[in-house]
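Enquirer: Based on the sequences and whatever the hints tell you, model everything.
If you want the building blocks of each chain, they are given just below.
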Amino acid sequence: MKKGLKNWRLFALLTALLVFLSGCGREEISTLLPAGEVASDQFNMLILSSAVMAFVILVVTIIYVLAIVKFRRSKIGEDVIPEQVEGSAKLEFLWTAIPIVLILIIAVPTVYSTFDLADTSTMDVAAEDGSMTNLTVNVNAMLYWWEFEYPEQGIVTSQELVVPTGERVYFNLLAADVKHSFWIPSIGGKLDANPENVNTFYLTFDKESSELEDGVFYGKCAELCGPSHALMDFKVKTLSPEDFDQWVAAMQEETPPAEETLAQEGEQLFGADGAGCIACHATSGVGKGGVMQGPNVATFGDRNRVAGILEHNEEEVKNWISDPQKYKPGNLMPSPKALNDGKDFTEQELDALAAYLMSLSVEE
Amino acid sequence: MDLNKKYTPQTWPDHPETATLEGKNKFVGFWLLLAAETVTFASLFATYLALKDKGPSGMEFTASGLFELPLVFAMTMILLTSSLTSVYAMYHMKNHNFKAMQAWLGITVLLGLVFLGLEIYEFNHYVHLGFGYTNSAFSSAFYTLVGTHGAHVLFGLSWFIALMLRNAKRGLNMYNAPKFYLAALYWHFIDVVWVFIFTVVYLMGVIG
Amino acid sequence: MSSIAQKKGFGATVWDYMTTVDHKKIAILYFISGGLFFVIGGIEAMMIRIQLMKAGNDFLSAGLYNEIITMHGTTMIFLASMPLLLAFMNAVMPLQIGARDVAFPFLNSLGFWLFFFGGIFLNLSWFLGGAPDAGWTNYASLAMASEGHGIDFYTLGLTISGFGTLIAGINFLVTIINMRAPGMTYMRMPLFTWTTFVASALILLAFPPLTIGLFFMVFDRLFGANFFDVAMGGNTIIWEHLFWIFGHPEVYILILPAFGIFSEIFAIFSRKRLFGYTALVFATILIGFYGFMVWAHHMFTVGLGPTANAVFALATMIIAVPTGVKIFNWLLTIWGGSISFTTPMLYAIAFIPSFVAGGVTGVMQAMAPLDYQLHDSYFIVAHFHYVIVGGVVLAILAGTHLYWPKMFGTMLNEKLGKVTFWFFLIGFHLTFFIQHFLGLMGMPRRVYTFGTDQGWDAYNLISSVGALFMAIGVIVLVINVILTTIKNERVGNDPWGDGRTLEWAIPSPPPFYNFAQTPLVRGLDSYWIEKMEGNKEGMVYAEPLGDIHMPNGSFIPVVISFGMFVASFGALYHMDGDKAWALPVLIIGLAITFGSMLVRSLKDDLGFHITKEELLRDAKGGNKDGSK
Amino acid sequence: MAHDVHTPTRSHTEYEYLRRQRSKEMRSQLTSFAIMIFLTLIAFTTVSAGFSPYLIVPIILLLAAIQVVLQLYHFMHLSNKGHGTVAFFMFSGMFVAFITVLTFVTIVWW
Ligand code: HEA
Ligand code: HEA
Ligand code: CUA
Ligand SMILES: [Cu+2]
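From first to last, the protein sequence lines stand for chains A, B, C and D.
Residues 34 to 397 in the working numbering are what the first sequence spells out, letter by letter.
Residues 101 to 308 in the working numbering are what the second sequence spells out, letter by letter.
Residues 1478 to 2105 in the working numbering are what the third sequence spells out, letter by letter.
Residues 83 to 192 in the working numbering are what the fourth sequence spells out, letter by letter.
Since the hints were derived computationally from the structure, they do not count as laboratory data.
Some clues are possibly wrong.
For lysine to aspartate or glutamate, the following EDC-like pairs were computed, each having C-alpha atoms within a straight-line distance of at most 16 angstroms [as the list claims (entries may be wrong)]:
| # | chain 1 | residue 1 | chain 2 | residue 2 |
| --- | --- | --- | --- | --- |
| 1 | C | Lys1531 | C | Asp1934 |
| 2 | C | Lys2008 | A | Asp112 |
| 3 | B | Lys126 | C | Asp2082 |
| 4 | A | Lys240 | A | Glu275 |
| 5 | D | Lys106 | B | Asp114 |
| 6 | D | Lys163 | B | Asp114 |
| 7 | A | Lys370 | A | Glu382 |
To list a few chain C residues with every Cβ distance to chain A over 10 angstroms, as calculated [as the list claims (entries may be wrong)]:
| # | residue |
| --- | --- |
| 8 | Pro1972 |
| 9 | Val2017 |
| 10 | Ala2068 |
All C-beta atoms in this analysis are idealised placements derived from N, C-alpha and C, irrespective of residue type, glycine included.
Expert: Structure (structure tokens):
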């Protein structure tokens, strides 16, 4: 008995510790650790409403506990017939009025914020030189990957959104196939990418992602979109405005040909004369969105993950290319056999492809 | 309830449709069904309005180019008139005049058949023009809305016919009076829906 | 179930139940099949929790996981909770208003069999090429893209069972409108009857949009219509609207009868009249009314625009007010009462904080901008399991214990009942409380796996352990049922001793005609009034003992439903285009259905009479289950 | 709960009076039918006449609404005694119908 009690205590302690340790979740992805204006607004609403709700729960609990402590039959006697009270108009009024007041308290910020967050009026404001004052990103959501087009800059990238900090960034969302939903928990709430029409909203990014443990914010698809919905992750890199401009400039340059021999071999294989990967994967950051069937790989070497989920190393690149279905069931990248005349890639070929892909970079 | 109990116009209750508990239940239940049908048709109308003239790029047919009013006008008049003839039938039912009731119901059924025939002709005509069910979102919504109404007409007619045949020999009694009454209610409801169809689909369609 | 039925032999009992039109037996049919589906849905829930127990688990594959959550949600809502509540409505509501049966006994049976065959059809998808996998909400773009026949099983199965539910709703409405005993005015109806009434009204007006949405989906997938095909001008948001115009009232269809059951329990086990009966009634009606004006709160992130979001956010928040009125009136009912902690009362007591916790998170979600963060995260999963499990399932478990004697004539063991209660309650909070935080920590719902790098491992493990507790609770309940049935100790009219409404004034289970003489109702809580005035019989009668007219049993409902079942297979496989037998099957199915409907309408069914002599004989203890 | 019908026993004058009431009702129904035909004619002519849609649409919707009221109250007797409950449900149904249509013509296309 005693021992059992001890074990139980230990278990409880461990549980409590675990819960404490995981606290508010990871900075990369938790709505409880907001890293942008939108998320902060929403976090404040969370705190406000939680306080109101805690008050409601408290009131109910007090009445409730008092009632079941005071009026238990064992206490007041077996045969008592309580008075059959009909009701009380006063009380009814009271508990209609108080909740209405509480509702009003949360309704005001709700309405204000609803319109505020939907305000995209500054989106198309142009500066004097004709360039847009705000960055706009067109997001194309596709079966399990994301494409980010920067129409003003004429560049396009995939899997990793790169944005400047400290300014509003506008997003146009569209789904290419089925419905998806664009969500970066620590930056702000989600918005659906519907197949029939463009949705627009804005986010602001306050913190540079290099300060994070993993170096990027995590983005999620939040609408069931098929077997690999759970794996439709993307990453967000936030840069200081200067770094961002640099990044854009680097993107706009021609991709230089591969330098190492292995990588050159890979480039060969990747191209139209090889396995034809280039048919779906553009290797240049310059271009338009919504054209290619596969992610743009111009920045592949700078990525944080492979295909949004696997660790970013050559081993995983090779794993992915050898059997994409194993890592993202139902995704639209063909198996090697379908690309390479019915044969699997040899280890050598895989090494070459991986080396080539890893060499694609716009950062120093 | 005694099926064989015979009534005369003198002993026939004022409201035969609700004179028995069974009748009353049927009566209330049927009205509730009509409330549900109202929402059903509202969903169809709403979808039609949302999808009106929507289709693939380069779609050939839109409402204003397609619909022709004379036929619809004829159909409307016929259905409206059939609503009146069924009112006549119920008038005679209340007077316990079985023969007259059957006769008016017969006319109602005839009018309904003509209406249905015209609708089939209309659909057939559109399909021949090349406006098929699978052409566009607009065509699907149109055929589904108007076709559902047509299916209701068909059901109403079958109901009338079944009642007339089944009771031809035994005449009016407390058991079948509520059924006749409800079938007539149903017929009016179909007419109500049509009023909206000709207004919302055809008239508003023609003006674009 | 009853001893008499056992004597009749198994085959005869089955036949008896397949042809019955007696609302009490139909209640038992609903109860058994709803219970069965609850266990199936529960096993699916356990599989979900096993899969999510740890990061990167491979217990279920990605595609299978989606099928399981879809079937879990669909089964639990349409095939478990609703039928179980319909079981109590059937068993109790006609007794509470002093009626001999429901308004349309034949349709009552038809409603059950349509639901049953629809449910079976849906679940057969597991064996016929895969279950639906687009979530219980079945959003159009994904549903249209889904391969195989899963989605078709969903649309056709729900269409059939939806018809069944609609019929049941109309039936209850007419029963309450027309068949109340003399003196049973609207404002004297027990609260469970009231909630049945409002829930049925919601069924009446909410199921048609769902049916239309399902039709669109069927036409799109089977006949090439273009309602949801974007390239052809279609629009998938139409599905979302139609689904939620139905879907939100649906959650009140679930919770209102649950409120009804708890209202009865609070009054009975506090030995006190419901505090603020009138307010409770109006709150019920208001909730039903508002229920139709808030559906777009499920669509805040769709992009409907700020005006729509703001309007629907405000409308949604308002619902907290009438619900709060209910909560406080219940609290004031037990206040000053004499509370006895029976198993049903334990559930009722546990319900209050659990449901309030779920309700207030609902109000948080109603704040549209906040919901942009919460939507489709585990916060939502936590919210709706708090209101559904903490409200509806607790009510079902409470109702099972409370009405078991009325339905089966025996009492469930109280000790085991309390064991179930504690396991279930602790497991429930363990599972779902922590999910709020998972959601806030960024975990989306409907994910079949998650990485170790997201920081969600520990919370998910705790959640899975909780589910195990719930499973133990349910298993103890099953054992309890088996033991009770074997022991078979019969009980009297009012086994809880403090019954207040008419159903406790007659034997358990009641004779098949319910009331030998129609009671006369003299106020709210009519049985309690008679008890307090020392009336030994428990009732005053509105009529002298006389012949009773009863409806005949019929096998036709089974045939009609079976025809729809067959036709659905035909329609489903007709889509493949290479199956020549599909069209004949479709036609045969429809022929069976319409043929049997025709038979029904051409053959007069006038019922039969029980004579006064038989009633007198019965009163001395004779034939009780209606076999003729 | 009597399932037998209480057969009325009427005097001859009562019976005559009832019949006259019914003929009177029939005549009023005939009038409403005439009105319905008339309204339909107006609706079709306004459209054929080719006025501005902003004028026509409200007018023909109003005409349709009047027709429906006539059908419900004169042909389907919704105002008669004993129709209170069902009328309530019909109006609830129309309310749901109205907000459904309203949404679909406003926010489906956001
Ligand atoms: C029985 C089922 C049930 C019930 C009763 C409710 C009740 C409520 N629900 Fe819930 N809900 C669901 C089942 C239910 N819900 C389901 C299944 C989903 C998800 C569907 C899916 O996507 O799969 C969902 C989703 C859902 C959403 C969408 C979230 C999203 O997907 O983004 C929202 C948003 O507003 C919401 C709100 C509410 C509100 C405001 C109530 C209110 O009725 C609650 C009212 C109760 C109280 C508030 C507590 C008592 C009141 C007081 C003590 C008075 C004082 C209180 C205050 C002043 C706040 N619910
Ligand atoms: C009435 C509705 C209802 C009920 C009662 C439940 C009950 C439970 N639900 Fe669920 N749930 C939904 C409705 C419901 N649910 C809906 C609508 C969804 C959304 C689906 C979607 O996204 O589309 C959902 C989704 C959902 C998820 C999210 C999945 C995801 O998004 O990926 C999870 C995860 O934890 C979950 C868990 C549970 C658990 C642990 C229970 C437990 O309470 C279950 C308890 C019951 C048991 C444990 C039964 C145990 C029985 C046995 C073990 C067998 C014993 C048998 C014999 C002895 C014969 N449910
Ligand atoms: Cu894309 Cu989920
Ligand atoms: Cu809702």
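Enquirer: When the structure is checked against the list of hints, which entries are broken? Sort them ascending.
Expert: none
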